[in-house]
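**Q** Sequence:
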Amino acid sequence: MAHIMNLSLLVIGTLLHAISTRGVDVGASASDNSECSDCTDCCNNNGCVSGDMHVEEQSRGIIRVSQLSNGDFIRGISGADRKPGWCRVEAVYPSSYDKVTTYEGFTANHMVVDDDSVHQFGEKGNATENIPFKLATECDAALNTAGQVFTPISTAFCPHDLAWSEYLTLMAAIRRVTDRTGFFWYFSDAFHDNKTAHIPQWMDMLHEMCLELLSCARDGKCQQFENVMVEFVREHVNKKYVYIVDVVFPNMGGDVSKEEAGTISETVRPKETRSILLISAVGSAIVGFLLVLLVAAILYRKKYSRGNKKMQDLQAKHPQVNADDEKA
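Note that the sequence shown covers residues -23 to -1, 1 to 305 in mature numbering (1 follows the signal peptide of the UniProt record, and there is no 0).
The reader is advised that the hints may include incorrect statements.
Said to hold, decoys possible - Here are the in silico distance ranges between beta carbons for each label pair:
1. E100 / G48: 32 to 40 Å
2. T173 / T78: 29 to 37 Å
3. V224 / K101: 37 to 45 Å
4. W63 / T173: 43 to 51 Å
5. R37 / G124: 17 to 25 Å
6. A104 / G124: 18 to 26 Å
7. T173 / G38: 50 to 58 Å
8. Q35 / G56: 16 to 24 Å
9. S142 / G239: 25 to 33 Å
Hints in this document: simulated from the structure, not taken from any laboratory.
Everything numeric in this text was worked out from a predicted model, so none of it was measured.
All residues carry an ideal CB built from backbone N, CA and C; glycine is no exception.
All chains, full assembly: derive it from the sequences and hints.
**A** In structure tokens form, the structure reads like this:
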């Protein structure tokens, strides 16, 4: 079953890549080709790796990133214990055909892993001009031949360093979404600037998106994430991808306190968190019900006591009772 799911994801990722590079429309007019307003600098802003960076592929040995294809396997790590293994490549494509500056194979803001910290690589080491690539695998992070562990994200998405545990939570949530939608979220041509939007530049929404995604996935606080996502999709995602989102998340933007089926938060929030929230809600309802019963019982008892006293007083004044007392 896992192999079938991975194959399905590979097909979806490949299809979406073809859509983005060939301009094929999905559920939208052929004239809708909105793109990032200035993608000549998208990788410097959004984080990429060099196409010339070397990685080890399982069957072909050491090759360049530019030689990878979806479905190849490269080295990487997964889980809290950072278990090494072979990782299926889920998305790899050139983000631009204009060369950008990379440092030891990374744009300055691309996030890498050292010890327990996930942070931007920075402007250090050998600087070269290369064709930039986006690269994502099924593992939590990939590994190049120089021994540097790297992620598929940059500080353009998450504005600050992350602990490894935070990063794992974030990536698990992202995978739960891409498992259902495909990998178009990594494509710079999936988004466009919008002068009439509340926030005109699409990249200006990414920091809040990352922070709210983490809050939803980690703490179960999801309403603001839901609000941010519906605004981002409606105002900045190109129509051919909006169609996919609408199909997968038909109730995006809904009230997540009801855990409405079809919200994106329902996918992002871990099942165990939803179970805890449900148990908490049920527990609160039970406590509330018991309190109502307790109050009702107290009121009834007081009323019953007053009724008994009144009945005793009436009985005490009854002529028959007095006659019986006199006889006694």
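**Q** Would you mind marking each hint as holding or not holding in the structure?
**A** Status of each hint after checking the structure:
Checked against the given bound of 32 to 40 Å, the beta carbons of E100 and G48, roughly 34 Å apart, stay inside it. Distance hint check: the CB atoms of T173 and T78 are about 34 Å apart, consistent with the given range 29 to 37 Å. At roughly 44 Å, the beta carbons of V224 and K101 sit within the given window of 37 to 45 Å. Distance hint check for W63 and T173: the Cβ-Cβ separation is about 47 Å, which falls inside the suggested range of 43 to 51 Å.
Checked against the given bound of 17 to 25 Å, the beta carbons of R37 and G124, roughly 19 Å apart, stay inside it. Checking the proposed 18 to 26 Å range against A104 and G124 shows it holds: the Cβ atoms sit about 20 Å from each other. Taken as a hint, the range 50 to 58 Å holds for the pair T173 and G38, whose Cβ atoms sit roughly 51 Å apart. In this structure the hint that Q35 and G56 lie 16 to 24 Å apart at CB holds, the actual value being about 19 Å.
Separation of S142 from G239 is about 30 Å and conforms to the stated range, judged on CB atoms against 25 to 33 Å.
Going down the numbered hints, you'll see the structure goes against none, and every one checks out.
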